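> Each chain is listed here by its residues.
Number of protein chains: 2
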Amino acid sequence: MTSAAEELKARILAEGKNLGDGILKIDSILNHQLDTQLMMACGEEFARRFASYGVTRILTAEVSGIAPAMAAGYAMKVPVVYARKTKPVTMYGPIFLETAPSHTKGMEVNLMVSAEFMPAGERVLIIDDFLASGKTLKSLVRIVREAQCTLVGIGCVVEKTFEAGREILSKYDIPIETIAQIVSMDDGQIVLA
Amino acid sequence: MTSAAEELKARILAEGKNLGDGILKIDSILNHQLDTQLMMACGEEFARRFASYGVTRILTAEVSGIAPAMAAGYAMKVPVVYARKTKPVTMYGPIFLETAPSHTKGMEVNLMVSAEFMPAGERVLIIDDFLASGKTLKSLVRIVREAQCTLVGIGCVVEKTFEAGREILSKYDIPIETIAQIVSMDDGQIVLA
Numbered sequence: 001m002t003s004a005a006e007e008l009k010a011r012i013l014a015e016g017k018n019l020g021d022g023i024l025k026i027d028s029i030l031n032h033q034l035d036t037q038l039m040m041a042c043g044e045e046f047a048r049r050f051a052s053y054g055v056t057r058i059l060t061a062e063v064s065g066i067a068p069a070m071a072a073g074y075a076m077k078v079p080v081v082y083a084r085k086t087k088p089v090t091m092y093g094p095i096f097l098e099t100a101p102s103h104t105k106g107m108e109v110n111l112m113v114s115a116e117f118m119p120a121g122e123r124v125l126i127i128d129d130f131l132a133s134g135k136t137l138k139s140l141v142r143i144v145r146e147a148q149c150t151l152v153g154i155g156c157v158v159e160k161t162f163e164a165g166r167e168i169l170s171k172y173d174i175p176i177e178t179i180a181q182i183v184s185m186d187d188g189q190i191v192l193a
Numbered sequence: 194m195t196s197a198a199e200e201l202k203a204r205i206l207a208e209g210k211n212l213g214d215g216i217l218k219i220d221s222i223l224n225h226q227l228d229t230q231l232m233m234a235c236g237e238e239f240a241r242r243f244a245s246y247g248v249t250r251i252l253t254a255e256v257s258g259i260a261p262a263m264a265a266g267y268a269m270k271v272p273v274v275y276a277r278k279t280k281p282v283t284m285y286g287p288i289f290l291e292t293a294p295s296h297t298k299g300m301e302v303n304l305m306v307s308a309e310f311m312p313a314g315e316r317v318l319i320i321d322d323f324l325a326s327g328k329t330l331k332s333l334v335r336i337v338r339e340a341q342c343t344l345v346g347i348g349c350v351v352e353k354t355f356e357a358g359r360e361i362l363s364k365y366d367i368p369i370e371t372i373a374q375i376v377s378m379d380d381g382q383i384v385l386a
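Residue numbers (the working numbering), protein chains in the order written: chain A, 1 to 193; chain B, 194 to 386.
Misleading hints may appear alongside valid ones.
From the derived model, a few chain B residues whose C-beta atoms are all more than 10 Å from chain A [to be verified]: (1) Arg316; (2) Lys331; (3) Gln374; (4) Ile383.
Derived PhoX-like pairs (lysine-lysine); straight-line CA-CA distance at most 20 Å [as the list claims (entries may be wrong)]: (5) B:Lys202 / A:Lys25; (6) B:Lys364 / B:Lys328; (7) B:Lys328 / B:Lys278; (8) A:Lys87 / B:Lys210; (9) A:Lys138 / A:Lys171; (10) B:Lys280 / A:Lys17; (11) B:Lys364 / A:Lys87; (12) A:Lys171 / A:Lys135; (13) A:Lys25 / A:Lys9; (14) B:Lys278 / B:Lys331; (15) B:Lys280 / A:Lys85; (16) A:Lys85 / B:Lys278; (17) A:Lys135 / A:Lys85; (18) B:Lys218 / B:Lys202; (19) B:Lys202 / A:Lys87; (20) A:Lys171 / A:Lys85; (21) A:Lys87 / B:Lys280; (22) B:Lys210 / A:Lys25; (23) B:Lys331 / B:Lys364; (24) B:Lys218 / A:Lys85.
Rather than coming from a laboratory, the hints here were simulated on the basis of the structure.
For clarity, every value in this text was computed on a predicted model and none was experimentally measured.
Ideal Cβ placement from N, Cα and C applies to all residues, glycine included.
Can you build the whole structure from these sequences, using the hints too?
Shown next, in the form of structure tokens:
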């Protein structure tokens with residue numbers, strides 16, 4: 001196990017809180033406060049795992065995906081595009097739009113990517129904070145396909161193996177890499193693989 | 194002038210679009226697509242400029258502040274906290290809440306920071322993408338003060354010197370550093386300092 005994975009797992013056990021309903025609070029690390037050194041180490045870990053895939057671009061979704069995607073993009077020397085959930089006035093021209101249910105917001109959210117930043121033919125790695133239900137990731141995959149890019153893989157910082165995400169995404173037949181895996185959150189516990 | 198500043202200015206001139214009403218579209222660099230190498234260079238530039246201030250923590254606001262704050266936090270080896278605009282279910286316990294008008298969204302937004310991530314006594318550097326009206330920054334300053342932390346400075350990637358931000362923030366008597374300065378956007382142009 002790499003040091004990024006070891007440290008991430010130790011921090012999840014030390015600081016993570018099980019809020020029930022499968023909701024893990026680790027906002028001291030990546031959802032509100034950012035451990036910048038650990039995030040960059042996770043980015044290097046993604047770079048190592050996807051080194052042979054010829055990645056030319058990373059796609060993520062705002063908000064919590066930005067930090068790990070930025071870290072991975074820096075390590076891989078490729079640009080990052082983050083799907084916007086609300087349309088800023090600076091977004092104009094053709095966009096790709098998909099919707100996804102938000103686990104932590106309790107509503108459908110839009111995911112919007114300007115077509116100019118997802119040109120056809122790119123080799124796209126999707127990075128996000130969590131692999132859980134897989135629904136946000138599936139919407140990002142649809143954007144990659146609409147854009148006529150090649151999806152080369154999916155990398156997430158934390159996986160909840162007891163949710164259906166990995167199974168749902170398995171049909172795309174691409175590598176799915178996660179740095180820490182939570183196998184159970186039953187009875188208020190946080191059990192790592 | 195540093196290479197980060199030189200490259201940023203060249204990129205703004207090459208890719209920036211003046212959308213009128215003082216709105217600058219540079220979402221190929223930091224608002225939708227991220228140039229990860231340039232962002233990290235900007236982070237190192239902030240680290241250099243604030244090296245002597247004993248910064249222990251960086252505060253920014255989601256969404257567009259995250260990438261430059263992450264870059265600066267990594268270079269300075271300090272954690273980043275990003276104010277949330279919508280309250281995720283993982284946010285509970287006491288929070289600091291301020292409101293600010295959003296220039297690009299056309300409405301008031303909340304800025305929320307969990308008290309646990311802004312403990313009293315921290316030496317806080319505020320980082321954001323733009324210094325324009327200064328209103329979001331002023332709300333972040335209020336959070337720093339409510340938290341009984343010391344505000345040591347403000348760093349923004351791009352400044353619009355023709356807006357009132359720097360003047361509004363001057364009363365705090367702290368250093369304000371920006372990497373590229375736009376002095377005019379009249380007549381559809383983008384004029385840099």
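> Hint by hint, say whether it matches the structure.
Here is how each hint holds up against the structure:
no., hint, result
1, Arg316, "16 Å, holds"
2, Lys331, "20 Å, holds"
3, Gln374, "19 Å, holds"
4, Ile383, "14 Å, holds"
5, B:Lys202 / A:Lys25, "39 Å, violated"
6, B:Lys364 / B:Lys328, "14 Å, holds"
7, B:Lys328 / B:Lys278, "15 Å, holds"
8, A:Lys87 / B:Lys210, "17 Å, holds"
9, A:Lys138 / A:Lys171, "11 Å, holds"
10, B:Lys280 / A:Lys17, "17 Å, holds"
11, B:Lys364 / A:Lys87, "33 Å, violated"
12, A:Lys171 / A:Lys135, "14 Å, holds"
13, A:Lys25 / A:Lys9, "14 Å, holds"
14, B:Lys278 / B:Lys331, "15 Å, holds"
15, B:Lys280 / A:Lys85, "15 Å, holds"
16, A:Lys85 / B:Lys278, "12 Å, holds"
17, A:Lys135 / A:Lys85, "15 Å, holds"
18, B:Lys218 / B:Lys202, "14 Å, holds"
19, B:Lys202 / A:Lys87, "26 Å, violated"
20, A:Lys171 / A:Lys85, "26 Å, violated"
21, A:Lys87 / B:Lys280, "19 Å, holds"
22, B:Lys210 / A:Lys25, "39 Å, violated"
23, B:Lys331 / B:Lys364, "11 Å, holds"
24, B:Lys218 / A:Lys85, "17 Å, holds"
Violated hints, listed in ascending order, are 5, 11, 19, 20, 22; each of the other numbered hints is respected by the structure.
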